[in-house]
Structures are given as C-alpha cells and as structure tokens.
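Enquirer: Read off the chains here:
Protein chains: 2
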Amino acid sequence: MVVELISVGTELLLGNTVNTNAAYLSEKCALLGLSLYYQTVVGDNEDRLSGALKTALDRSDVVILTGGLGPTQDDLTKETAAKVLGKKLLEDAHTRKRIEEYFAGLKVKTIPENNWKQALVPEGAIVADNQNGTAPGLIMEENGKSVILLPGPPGELKPMFEKDIFPYLNRLRPEIIYSVMVKICGMGESAVESEIQDLIREQSNPTIATYAKVGEVHLRVTAKAADEKEAKKLVKPVVKELQKRFGNHIYTTDEHVTLEQAVIQMLRERELTLTTAESLTGGMVASRFTDVPGASEVFRQGLVTYSNRAKRKLLEVKKSTLKDYGAVSEKTAKEMAKNGAFITGADVCISLTGIAGPATEEDKPVGLVYMACSYNNKITVQEFHFSGDRAKIRETSVVMALTLLRECILEEA
Amino acid sequence: MVVELISVGTELLLGNTVNTNAAYLSEKCALLGLSLYYQTVVGDNEDRLSGALKTALDRSDVVILTGGLGPTQDDLTKETAAKVLGKKLLEDAHTRKRIEEYFAGLKVKTIPENNWKQALVPEGAIVADNQNGTAPGLIMEENGKSVILLPGPPGELKPMFEKDIFPYLNRLRPEIIYSVMVKICGMGESAVESEIQDLIREQSNPTIATYAKVGEVHLRVTAKAADEKEAKKLVKPVVKELQKRFGNHIYTTDEHVTLEQAVIQMLRERELTLTTAESLTGGMVASRFTDVPGASEVFRQGLVTYSNRAKRKLLEVKKSTLKDYGAVSEKTAKEMAKNGAFITGADVCISLTGIAGPATEEDKPVGLVYMACSYNNKITVQEFHFSGDRAKIRETSVVMALTLLRECILEEA
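Protein chains in written order, with my numbering: chain U, 1 to 413; chain A, 1 to 413.
Everything labelled a hint here was simulated from the structure, so no lab data went into it. Please note that the accuracy of each hint is not assured.
Since the list gives no way to pick one copy over another, a pair counts as held whenever it fits inside one copy or between any two copies.
DSS-like cross-link-like pairs, simulated, lysine-lysine; straight-line CA separation at most 27 angstroms [what the hints assert, rightly or not]:
| hint | residue 1 | residue 2 |
| --- | --- | --- |
| 1 | K88 | K109 |
| 2 | K378 | K313 |
| 3 | K364 | K107 |
| 4 | K107 | K158 |
| 5 | K158 | K213 |
| 6 | K213 | K392 |
| 7 | K313 | K334 |
| 8 | K109 | K364 |
| 9 | K88 | K331 |
| 10 | K236 | K224 |
Taking the hints into account, I'd like the entire structure generated from these sequences.
Expert: Here it is, written out as structure tokens:
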C-alpha cells in the first residue's frame, strides 16, 4: 500500500517552521509497512493544494494532509479536499458540541464566530476527535482510496494519530503490524549490528530495524500477522533473544521511556539519591534529569563547577590535583564525584570534566572527556575521546554519563 | 523569480531525519525575495527524482536539490540531474585536488576508490567548494533556468550556501537585497508589532518582517537596491528608528549573536562574574551560558537546588521562608539570588523557582514562576504565569531569566 504526505502551510514555505510532522508521520508509516515515495509541501493556496492532492491521488492509495484546518479564511485544506473528492460540507453536531466543550474548558464564554467553520465535515467522513484543540481529524474514503486530514500543531496531531489514525491505517492493511522498541545504551551502532548479524540475515517476520541515536542504539522489532495476539506472539521470542544477547545494555522495551527516565526509575526503586558535578556539560546532565516530572524524589541538587576555583571551593578538589594533573584529568573527575557525593550527602554522584572546544586547553585535545561515578564507596572513572563540534561533544557526554551511572548501579545490584 | 526545493534521501521518507535543510533554505529564499511554492522530498530513486526535477523545471526558474551527492552507488542526484539537463559528467581537476587535500587533512593515507565519483562534474557547471566534506556544490544553467545541487549534511550545506549560493542567487535578481536582523527581548510579539504599526503600514523598501521566538522577537529589515552600498543606505535609517523605539530591548543587530552570547559579552565588558541558582530549570540556564565558548571567564559556577533541603544546605534559604512562603515564592527566589551571590563570591546571581508541572505543588498553579537577580546590593524579583507544557514553561523561563539578568545590569550601568 502506498501512502503520500502533503504538508500545507505558508509558514513551512517561508522556513518559519521546521516540518517535524513529516518526519513523525513518515516514521509511523514505515513502521506500518506502508511505502512512502513522496512528501510535498504547499502553501495555503487552493489551486496548488488541489493540484498536489490530485497528483497524489493518482499515484498513492492513502494521502495524509496536515495543516490548514484552523478557523481562519486562510485555512482551506478541508474545503479544497472536499471539492477535489466532490463532497459537500455539512455541520457535524458531535463536533459542534466538542468545540463548545473545548471553549468551556478554557473558561471562554463567547466562542469566536469563525470557529464554527471547524464543525463542518465532508459528507460521509470519519471524524477523529481532537483532544487538544478545535479542529477534528477527518478521514474521507473514495474509490478505495483514503484522504486523511490532520491538524498542523504537533501537540494536536500526534495524540490524534496514535489514538485514531494509526489503528485506522493498520486495519486497512491485509495484516496488522505490531512492534516493540528495544533501547540499548553503552554500545555503538556497529557493535550492536555485528551482534545480531545472524538475526538480521535470517529475518523475515518479525523484522529488526536499527536506529542510531546520540550515544544509543534503538532496535525496532516488527511483526505482521492476522491479529495483534498473533503478532505479539511472533515478536516475543525475538525480544527475548535480544534481551539474552544485550542483557543490561537494554534499558527499556517501552517506546516512550527515555534513558533519563529509566535511570531515575532505577534510582527510585533502590531509594537512592543523586547529585551531579559538571564542568564540561555545565548543567546539561542536571537539566536532563529535571526534564523528568517527579525527578525531585531522586535528584536533589547539582553542582556546576565551571572554573577551577569553583571546583576547589564547591567540590573541594585539591589545589595540587588541579596543578599537577589539570582540570581535565582522571584524578579531578574522581575527586569531583567523590566529594560531590560527600558534600551533598547523596548516595550517587556523577561528574564530568573535559574539553568541548573549539579551543584546546591544558595542552589537551578537544574531545577529551573524563567522567566518574561515585557509589557505594567505589569510584568508577572513564576516559573518552569524542569527535564533532562543541555541541556534539557535550551532547554525547551527557548520554555517556547517564550510561556510566546506570552501569555503576547495576554492577553493585 | 520562482524557486523550488527538492530534498533527496530515503532517510527523509523513513522519518529518520527531520528536514531542517528545507526550513533553512526556505528562510534564505524568502529573505532573497524569491517566491517558493513547493518543497518536495523524494528518495534516492532515479525515476522519481528525474520526474520531480522535470516537474519543478516546468514551473520554476531555480531548482535547489539537496542530498544524494555522497560517494556510494545509492547517491545519484548529480547523475540524474545531469541526465535530465543532457550534460556529460567530466572529471574536474580542481575538485579532485580538493578531495585529496581533504583526506590529507584527516591524515587518511588511502582515499576510498568510490570518492573519486565526487570529482565528476556536469560539463559547464559552476563548482562551489565544500569546506567541510568531499561533495562539491554544483550550479547548472540551462535555458535561463538554474539547477543547484547541494550536499545533504547541514554542516556542509549551510556554510556553502552562505559563501557561494546566496551571492549567486542575489546576482540572479534584477536588484540585490541586503538585510539586518534586529533582535528584541523583554517584549511580546504583539507589543512589538503595535510599536511599529506605522512603519509596517508604510513599508515598501525596506520591509520589516517579524519572527516570534521563545521569549524573543526578531525583526528583519530588508532592502532591495542596485548594489549593496545602496541597499545598506536604505536599511540604516530604519534600523536606527527601531533602535530609537526599542532602546535597550534590542540586544543585538548581528544575525549570528544569541541572547546568551550577548549577556556573556555584556558581563565580560563590565568584568562581572555570574552564578546561577536554579530550581525549576534544573541546570538549563547554566547549560545555556556554557553553550557559549569562553563562557568560563564570566560564568564560574552554578547551583541546581531542586529540593528544599538543597535550597537550605547549598543556598542557605531560611527554613522559615520555605515553611511560611513555600519554595515557589518571591521570598525564596530572593534568598536564592542573594545567598547564591554571597556564597560563591560572584558579582551577579540569577535565581529561578517555579512549577513546571504537570502536577501542581504547594497549592500553586502550574506555570507560576519567580525569578530574582542579585546585583550591586540590589535584588530584583519578577513573577510570571506561563502557559504551556513542562518543556515550554522551562524553556520560556530560561529566556526570561536571561532577559531579567540583562535588564538588571543595564539599569545599573
């Protein structure tokens, strides 16, 4: 089955907005085993939109249009699609009621007149409720083809896609698909791939797809079957085999769980508290932890000691250590982690020091990073030589620090 | 003049990569006053790419293709474009030499055989050197139309576009354009727009375009003229007028300078040192400062006091303050800023405390944020009620903290 995306919005053509919806939808379509050959972006212009939709309908089975469902005169995706398919627009009582409820929830008394336009629905269309806005999603079916209209804001589009559109597309297929995401840290992409060469060579159903992320590798195991139960049965032994091969390197098999969430959860289960002692990353590790709601149970404080003086004063790194070995050294990383835990009374402390560039420091090369983890009277230290620019080196360091922290806890368990 | 973008790459169709190049190039084309009606994404497939290019050439004057210039067999953008335009591929001695030099710079002795494919150039094409890789940019002209091929990696594409392609497109126009970006903080979009309503109403050349960013508003002043000198002369009085109207709210008129860079620069000029005391943002403000190379001159340390205990122990916030007013209060923000400066010996300390959600705390609403700045024996505190999700509230808080810090320094100057 062939699917095609059309993103509608002048803001995309002006470069004011990055088209993250296209990447999101494309990934989901790939997961569904749909073939996607074209993405098109057009402005809020009836002629060009209508032309793009006709071209797409000629060559694809499903066309997903995003954007242009707002309440203003400029928004004409629904009107244009209805015209191309020869459908009348009729007011949908259910959608009208939902718009009323949405504004009531916002404590807005007078609903702007133009919002009622959003209650108009092409005749025969399936309505997908919008949990986070006023524009409903719409599915129109005609001559065995489907045209799907989705609102542009990602906060509205994504939940709607997961709840209604993904299952709809899954039902269109002769078989349904089911997948599990296995997330791996502490191993590079090529190491992961060589570990599963045989599985990839032999694969047919389920399949295993590899995604390299910064400091992580994700494996998606996808099965096709007549129903979900059957598909789950196919996926299960493969996930088990991956768990056997990668062991503790797998930090989750839940698509929605991030590495920082997994680490926070692990510390929470063990009732451990955490401190960060950062130089190089200057607060990035701390902010990554505090991205997670409820992190405060585990993460109580972080110290950013960017200067040597701060390393001495806040973390009591010895003057002689800084003088003899430098701020970017195994010894400094160790003292930062050890003293960080001691001073704050935390059970675990992770420290980072390194050279992000662009300039070298202490006659040491850009990309040299030391990180240490203090836990259970033991200090583990690692040395890295990262490549890339300042941002890349810092970003990779954050992920490797989370990984080191996780490994140190697991080793002692 | 009409321009069109074609992004080539199966990774875009699989959703593995977000198409940031399209946004970047679209913004630049808008700046050049070019009309852009379509963006298309196709995979590394000769038939579909060739079809997309022919369609684009029918309706546009300039077609920019990105991606698919790599050394592998899969990369066929150049080969396909040359075929569509009926051009032979010939080895370019200059490009061959540059590839040799590139690998020499990497200390690679043996150049992979397939890289020589990248030295082949369509006959008559203009070559744009790649400063950061081996695939050159190529400009092919035919029947008054231009086809421009650019490498896909943004780190190669952007510098090449700025250096060679932007000037090329500027020369194609009957007039050249020149623009200045005026960056404003501490004012909302509608306040900015109402301040310049008259200028926008009367505008013809130069024009003023508004871009709303998180916590900032950018105004681009663009003039068209016969030459750059003339265009600069047109832009100058408008920028001056904006400076008169917005005064200190303008933190830079340099497109490449960020708010954190401007603040660091300001502190550096005044020889002031800075500390952060963060609860809500958990290290994001510190990491924003340390994004800037050389920040260590100014920013020596940051304290992330996420728990009440950490606020007491690390920042000596009074127990009674936390008990009587709560962690999210004007009084706590003030003590954090005051004590943060005192304890670390920094000249300036910015503090943040608030509720990012999703859960309310201390019976206070999500989005309530207090921030304080201690400088010169004076503490300025601000209360905010932000909307949006956890990430949005934290991100907006960071920018408002930078803005508050900047205002406090400027007031005392």
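Enquirer: Next step is simple, just say for each hint if it's right about the structure.
Expert: Taking the hints in turn, this is what the structure says about them:
Taking the closest pair of Cα atoms, K88 and K109 never come within 27 angstroms of each other, the shortest separation being 30 angstroms inside a single copy and 68 angstroms across copies. With identical chains, the CA atoms of K378 and K313 are at most 27 angstroms apart both within one copy (23 angstroms) and between copies (25 angstroms). In this assembly of identical chains, the alpha carbons of K364 and K107 lie at most 27 angstroms apart only when taken from different copies (19 angstroms versus 60 angstroms within one copy). For a Cα distance limit of 27 angstroms, the shortest separation of K107 from K158 inside one copy, 25 angstroms, qualifies, whereas the shortest one across copies, 46 angstroms, does not.
In this assembly of identical chains, the alpha carbons of K158 and K213 lie at most 27 angstroms apart whether taken from the same copy (21 angstroms) or from different copies (22 angstroms). Proximity of K213 to K392 under the C-alpha cut-off of 27 angstroms is found in both arrangements, the shortest distances being 12 angstroms within a copy and 23 angstroms between copies. Taking the shortest alpha-carbon separations for K313 and K334, both the intra-copy value of 16 angstroms and the inter-copy value of 23 angstroms come in at or below 27 angstroms. For the homomeric pair K109 and K364, the shortest alpha-carbon distance between copies (25 angstroms) is at most 27 angstroms, but the shortest distance inside one copy (64 angstroms) is not.
In this assembly of identical chains, K88 and K331 lie within 27 angstroms of each other by CA distance neither inside one copy nor across copies; the values are 74 angstroms within and 60 angstroms between. Proximity of K236 and K224 under a CA criterion of 27 angstroms is satisfied intra-copy only: 13 angstroms inside one chain copy versus 63 angstroms between copies.
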